[in-house]
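> Given next are the chains, with one letter for each unit.
There are 2 protein chains.
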Amino acid sequence: MSVNLSAPVAADLLAINGVRIGITEAGVRKANRKDVTVFLLDEGASVAGVFTQNRFCAAPVQVSREHLLAGKGIRAMVINTGNANAGTGAAGLAHARATCDALAKELGLTAEQILPFSTGVIMEELPVDRIVAALPKAIAAAQSDSWAMAAEGIMTTDTLPKAFSRSVTIGGKTVSVTGISKGAGMIRPNMATMLGFMATDAAIAPELLQPLVKELADGSFNRVTIDGDTSTNDSFVLMATHQAGNAQISTLSSAEGQQLKAALLDVAQKLAQAIVRDGEGATKFITMKVEGGKTEEECRLVAYAIAHSPLVKTAFFASDPNLGRILAAVGYAGIADLDQTRIDLYLDEVHVAVNGGRNPEYKEEDGQRVMKQQEITVRVLLGRGEAAQTVWTCDFSHEYVTINADYRS
Amino acid sequence: MSVNLSAPVAADLLAINGVRIGITEAGVRKANRKDVTVFLLDEGASVAGVFTQNRFCAAPVQVSREHLLAGKGIRAMVINTGNANAGTGAAGLAHARATCDALAKELGLTAEQILPFSTGVIMEELPVDRIVAALPKAIAAAQSDSWAMAAEGIMTTDTLPKAFSRSVTIGGKTVSVTGISKGAGMIRPNMATMLGFMATDAAIAPELLQPLVKELADGSFNRVTIDGDTSTNDSFVLMATHQAGNAQISTLSSAEGQQLKAALLDVAQKLAQAIVRDGEGATKFITMKVEGGKTEEECRLVAYAIAHSPLVKTAFFASDPNLGRILAAVGYAGIADLDQTRIDLYLDEVHVAVNGGRNPEYKEEDGQRVMKQQEITVRVLLGRGEAAQTVWTCDFSHEYVTINADYRS
Chain P
1 MSVNLSAPVA ADLLAINGVR IGITEAGVRK ANRKDVTVFL LDEGASVAGV
51 FTQNRFCAAP VQVSREHLLA GKGIRAMVIN TGNANAGTGA AGLAHARATC
101 DALAKELGLT AEQILPFSTG VIMEELPVDR IVAALPKAIA AAQSDSWAMA
151 AEGIMTTDTL PKAFSRSVTI GGKTVSVTGI SKGAGMIRPN MATMLGFMAT
201 DAAIAPELLQ PLVKELADGS FNRVTIDGDT STNDSFVLMA THQAGNAQIS
251 TLSSAEGQQL KAALLDVAQK LAQAIVRDGE GATKFITMKV EGGKTEEECR
301 LVAYAIAHSP LVKTAFFASD PNLGRILAAV GYAGIADLDQ TRIDLYLDEV
351 HVAVNGGRNP EYKEEDGQRV MKQQEITVRV LLGRGEAAQT VWTCDFSHEY
401 VTINADYRS
Chain W
1 MSVNLSAPVA ADLLAINGVR IGITEAGVRK ANRKDVTVFL LDEGASVAGV
51 FTQNRFCAAP VQVSREHLLA GKGIRAMVIN TGNANAGTGA AGLAHARATC
101 DALAKELGLT AEQILPFSTG VIMEELPVDR IVAALPKAIA AAQSDSWAMA
151 AEGIMTTDTL PKAFSRSVTI GGKTVSVTGI SKGAGMIRPN MATMLGFMAT
201 DAAIAPELLQ PLVKELADGS FNRVTIDGDT STNDSFVLMA THQAGNAQIS
251 TLSSAEGQQL KAALLDVAQK LAQAIVRDGE GATKFITMKV EGGKTEEECR
301 LVAYAIAHSP LVKTAFFASD PNLGRILAAV GYAGIADLDQ TRIDLYLDEV
351 HVAVNGGRNP EYKEEDGQRV MKQQEITVRV LLGRGEAAQT VWTCDFSHEY
401 VTINADYRS
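Heads up: the protein sequence lines correspond to chains P and W, in order. Under the working numbering, the final residue of the first sequence carries the number 409; numbering is consecutive throughout. Under the working numbering, the final residue of the second sequence carries the number 409; numbering is consecutive throughout.
Isolated chain P, as found in the complex:
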């Protein structure tokens, strides 16, 4: 099941000069499955990343943070599925380091030039030997047009691979952006999603990459939720190879900086929304807009309270306009001085509640009509100020329970 999402067409995805990707089968958890992916970057590329805020963060997240801080210039990444290498203590850290050591040796680099990523089951030992053994095959397979295959190679409970591209003309030169993401459950990113990788060939001052990746995550992956569970392994990485031939972008506020940012944000939002569209058991894609708040933070609180409520999510699944559940979630979101008599609620263009009560002109059949759609916008007006925020989520179905009751078996 997925909501208005289809697999990417390989030919639609733009190669990024300076990025090659190799995918192989290592048998991490199951045989005959693409489960190890390597990214190889040309010398001179810049890389920045944001990672999960979960205090139980996985070993590869800890190592990736260290290696980015070391500042030796990242030249390769290795991603395995089937095992998250989280909740694995000191042994897990050693395994993540061993993977980097092995890849560095194959490529003639130092370990600090490698970023490791893992996704899959938590609290089981990483089969590091099988991963290391598969690296030469992955390197040998590396091509610049393998983005579609990479999107498949990083899937876990995803039903579809997720990849998007777009190009933009900056200073007369064509700049390309391509990204992939994965994730379908344990999704309430807090800095980044399960896994997201984006690359551009734009020339851009390397020191701009870290603030840029943070801003992109806040505008995309940090606005989605499926089940409210923040993963131990969330990572979102932005690569720039600087090979497009445009004059180097030196500030994000310049016209060129804004053009590049808009193109990147477009791809990042599509990748983030694709995770929701492919949410475990999702049958609907729901946009939660909260407006009229005093601060963006309180709007986000309200949007997430609605988006996490199992009662709201099951009502969407049933196409049942049981909309009082939305008001209840607004009420417990945590705004201490909220005045319920100022709240309005819309379902698409249907005005459901006015001043905290049912709109006398609201008809059940209008709510019912919108609830039956596959894409629904919920708009809450708080009547407190000018701030607004948007969050994307999905409904909560029998299929979610089935998937998560059976995941390991």
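Mixed in with the good hints there might be a few duds.
Same chains, same names: a pair is fine if it fits in one copy or spans any two.
For lysine to aspartate or glutamate, the following EDC-like pairs were computed, each having C-alpha atoms within a straight-line distance of at most 20 Å [as the list claims (entries may be wrong)]: (1) 72 to 101; (2) 289 to 386; (3) 30 to 320; (4) 30 to 406; (5) 105 to 66; (6) 30 to 364; (7) 372 to 297; (8) 30 to 101; (9) 105 to 145; (10) 372 to 406; (11) 363 to 125; (12) 372 to 320.
Source of the hints: derived by calculation from the structure; they are not laboratory data.
Given the coordinates of chain P, assemble chain W onto it according to the supplied hints.
The following block gives chain W in isolation, referenced to the frame of chain P:
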């Protein structure tokens, strides 16, 4: 479905001198259903209550708060099911007041001596005329031995009525405590449960009742969660009729105060746990103990993060010891300086994780054995200090989705 819970036997419930209860059918939402209950209290009784912290609190909650503050001496309560009278704006408030006016007139009291309670669907108009019309019949039916029937009369999606009694000897006199509760979904009380009513015949200084009801709620209803949704209508009321003949208890810290409190807390915890045992779709009853925290508040944060995780709850449903999901929830609970290398995890007596990693001596079959039980204790050791907290919850099953996708139909 419910977990180790059976309907109360009417003969086991102790009548409380000074409390009579009448139940009738008003046809609030459906015909042929006991949906209106009145409590009648002798002159001189004391009443205190705690209510939902949801800012979208229902009209009857607003009116009950007002009437308790007025201090005229509460002499009656009226409870309807089938309609929550929440999200109903000014009309809803008028309906709650009209219900009190009508009951006061029947009983020769003033409206401020009445507390109204409603539970059921949100954002639909209260059929106040049908409720008012049913009041004389409820009053005529009032008896002191109707607690079991009252427990039935306040049910909504509950599969079983919930009522408990106990007696305690205080200063040579037998003091009785009886209580009822209802609730099965939209349960994450924040001050009190959906609806809980307890009465004792103990003589106790009336000014002690309010701190006592707060303390009881914190030790019982505020420690349970089913789906994390805080209702608009949560209310928990404690009545004391002072007719047991014991010397008046004038401090809670006295030996007699402690005896009474222990008896009340015992009944309050059984009522709160009964709500979890009857949680929508529940197949397991889970005790979340978090120990070794710096503060009780951070222990509660962790316990609730685990208890609300749909991934943890579906793993319990499946009896799948996918215990990394518990560690992930500990990690995102919100303790900023949590050190994952100090965390231990137990499932009953099975030591699953040690210092943040899998216990080398942990065997999957031991975890599996505990996960298959109907009652499970999860114990998390934070290794930060001496504070501890306990929260009770249930698992998350297909049945929960079915119930909440179909609730209104």
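> It remains to establish, for every hint, whether it holds in the given structure.
These are the hints, each one checked on the structure:
no.: 1; hint: 72 to 101; result: within (15 Å within a copy, 77 Å between copies)
no.: 2; hint: 289 to 386; result: within (13 Å within a copy, 42 Å between copies)
no.: 3; hint: 30 to 320; result: between (40 Å within a copy, 19 Å between copies)
no.: 4; hint: 30 to 406; result: within (16 Å within a copy, 39 Å between copies)
no.: 5; hint: 105 to 66; result: within (19 Å within a copy, 74 Å between copies)
no.: 6; hint: 30 to 364; result: between (49 Å within a copy, 19 Å between copies)
no.: 7; hint: 372 to 297; result: neither (31 Å within a copy, 41 Å between copies)
no.: 8; hint: 30 to 101; result: neither (24 Å within a copy, 69 Å between copies)
no.: 9; hint: 105 to 145; result: neither (25 Å within a copy, 82 Å between copies)
no.: 10; hint: 372 to 406; result: between (29 Å within a copy, 15 Å between copies)
no.: 11; hint: 363 to 125; result: between (56 Å within a copy, 13 Å between copies)
no.: 12; hint: 372 to 320; result: within (8 Å within a copy, 34 Å between copies)
Of the numbered hints listed earlier, those contradicted by the structure are 7, 8, 9.
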